[in-house]
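Trainee: For the protein sequence lines, the chains are A and B, in the order given.
Taken in order, the first sequence gives residues 19 to 301; the numbers are from the working numbering.
Taken in order, the second sequence gives residues 738 to 1133; the numbers are from the working numbering.
Because the hints were derived from the structure by calculation, they are not lab data.
Be aware that a few hints might be false.
Said to hold, decoys possible - Simulated restraints on C-beta separations:
1) B:Tyr1130 with A:Trp207: 20 to 26 Å
2) A:Lys208 with B:Ser871: 32 to 38 Å
3) B:Glu856 with A:Val45: 47 to 53 Å
4) A:Cys192 with B:Glu1115: 40 to 46 Å
5) B:Lys954 with A:Asp21: 18 to 24 Å
6) B:Tyr1130 with A:Lys62: 20 to 26 Å
7) A:Asn41 with B:Tyr1130: 19 to 25 Å
8) B:Glu1115 with A:Met19: 46 to 52 Å
Ideal placement from N, C-alpha and C gives every residue a C-beta, glycine not left out.
Chain by chain, the residues run as shown.
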Amino acid sequence: MWDYNKNVMDHFLNPRNVGEVENPDGVGEVGNITCGDALKLTFKLDENGRIVEAKFQTFGCASAIASSSVLTEIVKGMTLEEAATVTNKDIVDVLGELPEEKMHCSVMGMEALQAAIANYRGEEVAAEADEDHEGRIVCKCFGVTDTKIRRVALENNLHNVEEIKNFTKAGGACGCCLDEIQQILDGIWKDREGAMQKEDPFAKMSVVQKVIKIQEVIDREIKPMLEKDGGSIEFVDFRDDKVQVRLQGRCAACPSAAVTLKHTVQAKLQEFISPLLTVENVK
Amino acid sequence: MTKEKRVIYFDNNATTAVDPEVFEEMRPYLTGLYGNPSSIHNFGGQVAFAVEKARAQVADLLGVKSVDSKGHHSEIIFTSCGTESDNAALFSAMFTCPKKNKFVVSKVEHPAVLNVAKELERRGCRVSYVPVDSRGRIDLQRLEEMVDEETAMVSIMWANNEIGNLYPVEEIAAIAHKYGALFHTDAVQAVGKVPVDMDNSAIDMLSISGHKLHAPKGVGILYVRRGQRFRPFMIGGHQENGRRGGTENVAGIVAMGKAAELAKAGLEHENTVVRALRDRLEKGIVDQVPTIRVNGDLEHRLPNTTSISFEFIEGESILMLMDQLGICASSGSACTTGSLEPSHVLRAMGLPYTAAHGTIRFSLSRYNTEEEVDFVVEHLPPIIARLRHISPYWKK
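Same shape as in the complex, but just chain B (with noise of 0.2 Å):
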């Protein structure tokens, strides 16, 4: 793909592009300031306050005061990834509670999630999985009935990637301690976008990655509770006080730092622009494309995701047509990722086979303009209209 080419990016729940400011920020600590944080001499020493100080910055954007005995905010544990954190808290809670061996989490769990809960069961513990309603809902005295005093840990997601839909998890931790159960919670797509105040919050363990909100790949977060017993999976070192071994990806880490102070500074600004823009591509697919379905919570969903099921055509045709013109969405059709089914989360809903094929998503950011978004609301519908006209199932 050549540079030049116009991109328009509605997929930042896949990725997102990594914000100048926190480029600028790690740049030393892939040149000169390359020192190990765990060495003596103060070469190290110094890139291990980059460190902490990247621990204060993430500390401050969910809501964390307290410090350890050292000063240092050792809630927050720095991993390589989302689904690392998840694997984590999940195994964690397998290991520290071997007593219990039940698990709760949601159809709609991210495949970290989902398949390490699958993963639990052939280690012979036993998960029952929430089913959700049409509009990707969890019915909480539903789930309610699934937590026994058996359960570990309930997982349950702050927000979906697919549909977007916000799930209670106060309202759902508050339900798992009843029964003294841990919960956790994949906050992947929530975090940055919605307020967090891990200090006033039952929520026991949270996950975190650092590319959905403008940081690079390759980083992510787990915070603990202080108090909570965690054991890791992954042996080694004494780094992150024992909790995660491996040299720190000091680089990582110092831009994760910077993009929270970022994302905590630019939360308005998620939920005023961000959610208008949205709402005018929305609005403006709905108002010119007939026979198409708006999925998810409307009422309760992130501000940037909107996911639309066009009927009677297939979404990998639509994001192919769509990438033609430099626009970027993603689908939760079968064909896109070679695998055949429609996305677990749009089946979870019972979506018809008809919508569910043909369900697109669109996932803003900051980086994104009013004039985008009209260019995809003028070019997107002469698509639809073409594939329409392709496919047996469409009558004028």
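Only chain A is shown next, with the shape it has when bound in the complex (with noise of 0.2 Å):
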């Protein structure tokens, strides 16, 4: 049994704008009939460009009509460049919420709404039309590429393979492809970390070391600066990229403590050690 919520179903009890649009501009249709749900949205635009109409057709569950429902909702009024910056999570948010296993539900959603943008501007939908290897299809079951897992990993900060599974299916059926998908799970999110890793030497630092070139740089950057108007600063502690101190002297009775702290520690600190460093003044 699910636990769908009032607003779910709602949408799925009086679906809005269930049928086709006649003579459409942009017609998208996901999914087939072997995977349990499949979703085909048509739109039509007003003299601004603007979608004036928007019509669902969907086979599957009550969340897949639901999200279909919403999405119909959500994009009406919008110019195409609005429209095409939809998400899964405008849906899920519209709607309040979708058990985990449905979210598949939210992203078909999307993934209607973009194949019907790129009819209408005459484009090949990209993710199943691409030649080279970022189109290549991992779960063989349910047709799901590589990008389609890259892209909704990304949007939905997902990292294991039950996630995937929620949000786009793939690795739902034999489970052949479920040590793919945490590969390329592990390469994005490693990507990342690498990639901040890189930028940022600081992160490598063990804490004892952050500490060392923490005080370093109060001692000889910040403390002169602002001995120089009567007043002083100590470092106090540093835990999660927050530097505590304690202002001294003037600058601890200073009306403008804030803007010092701000404008001064934490861009010198910044500056001089790493982006990440935030700062904030204890009594």
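These two chains come separately, so use the hints to put the complex back together.
Mentor: See below:
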């Protein structure tokens, strides 16, 4: 038994905009009957290039129907540029929530919209038509490409195969591709972490090294500046990229202490150590 | 869900209502008569009598007359559920036939057998999975080709839970014995709906579940033919002649006994009244809804079950709209359970995906009425029409 919320039930029981727009400007069809859900989205533009009418036909479960219904409501009145930025998260936001296992229904909505826009623009649908290795099918049961897995993983911050299954269905049948999906995920998230670490040698340091570095910068770059104005600073603690300091002397009583903290102390620490650092004054 | 809301329960292959007589029978063992049947004192001993009475009631339903030296029907082992019984049967065969490492099961078995078979494979056994045709029937010749002298056990269900097919278990048992293999059958859906006569049967082991025949959940039975070697997979005390350790679920066992007695008395009713209700439901739907198919072996199936595929729409949506009217059924669709593929039974039958995703199982019981059937026949067609109107595949 699924715990669908009132909004999902409302859109399932009273779906908006069912059917096909006559003489549509864009048609998007995704999914197929083998996979267990499919969505056909049609829309019409007004003279200003805004979506004036959008209709759907869906083969699928309650959440697929609700996601489609919500999608047609979201895109009405949008320009195609605006519509192109709609993601599955927007659909989930309007619905309130979807069970984790049903997230793929919202992804299907997003894909139908993208397909319909591409159809209007006379483009091929990217993921499926891509000839290079980017569009390689990973999950053969549901025809899910590595491009789609990467895109959905990045958009929704997904890190494990179970989440990918819920959002794209990939790996949900025979399970042969689960290892490969994990490799794709490892790839994208390691790349990201790797890129961050390259830019930021500070992230690689041990806590002790970080503390020594912070103390050094405070003593060398910050303290002399504050002392010129009759103030001073003490390094108190460091955790989770947050530097705790205590402003002293005149600085402690200064009405613009907050400004000093951010524009002098934090700015210097970020300049000399890492942009990740933030500063907090403790009494 | 509120109590007042009308419920039309057509999901009796999932579970059944506890019969009020069954409940009254078990009630004392949940209150005053809480003794342990293994105790030496009379307070516990009287409970042991209740357990043996229940065993005799089950034996009567199964057509088991023979008793052991203590006068007990010790071929009947009480377990906790059908799944435990299936596990016990297959693992026992693995333990007691170390020189044979092959098993033969069908592709349409319940997960309680199918997944045990897969586990046996992981433990080094070989398993052959017997295919079925588009009506879910097993080709006996094909089955016989799979059984050989290396085969420890053949396990084929008596009745399929999803489509209701009845399998020729006696003939299959004979094939198994021809090659010296044991034969087990998961009879969870069959007992109470088809006559069972174990004293004149070739079946070696048979599993039953209490809650499928109006006893509560938490009690099952494994029948093991006298003289057959048996080794439990669960290790524990001396209960059930050392075949199933663990203090007896006395209330459940007493309930099981009463339910067995009522099932025997109701066998005729299942095959006349319940069958007629099922047929009325099926015909009503078939007459009114276009582009559907009734699944399974229509000549050889349970009297209470019908599996109908509504093409071009999806099962969960159908169930949810029926649920709005208080109608309870099940689907073979993927979406209802969170799995992404339609049921293994429908896939084994090669049912087209256009139909598999929209398959609904209605399973009736003695508590259903003609009025309920007519209500469903009246209210289901608009639900199907409504969903087909939404479906991109439905062309008027």
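Trainee: Could you run down the list of hints and mark each one as holding or not?
Mentor: For each hint, the structure was consulted:
no. : hint                                : result
1   : B:Tyr1130 with A:Trp207: 20 to 26 Å : 38 Å, violated
2   : A:Lys208 with B:Ser871: 32 to 38 Å  : 48 Å, violated
3   : B:Glu856 with A:Val45: 47 to 53 Å   : 48 Å, holds
4   : A:Cys192 with B:Glu1115: 40 to 46 Å : 41 Å, holds
5   : B:Lys954 with A:Asp21: 18 to 24 Å   : 22 Å, holds
6   : B:Tyr1130 with A:Lys62: 20 to 26 Å  : 23 Å, holds
7   : A:Asn41 with B:Tyr1130: 19 to 25 Å  : 22 Å, holds
8   : B:Glu1115 with A:Met19: 46 to 52 Å  : 25 Å, violated
Hint compliance for this structure: hints 1, 2 and 8 are broken, all remaining hints hold.
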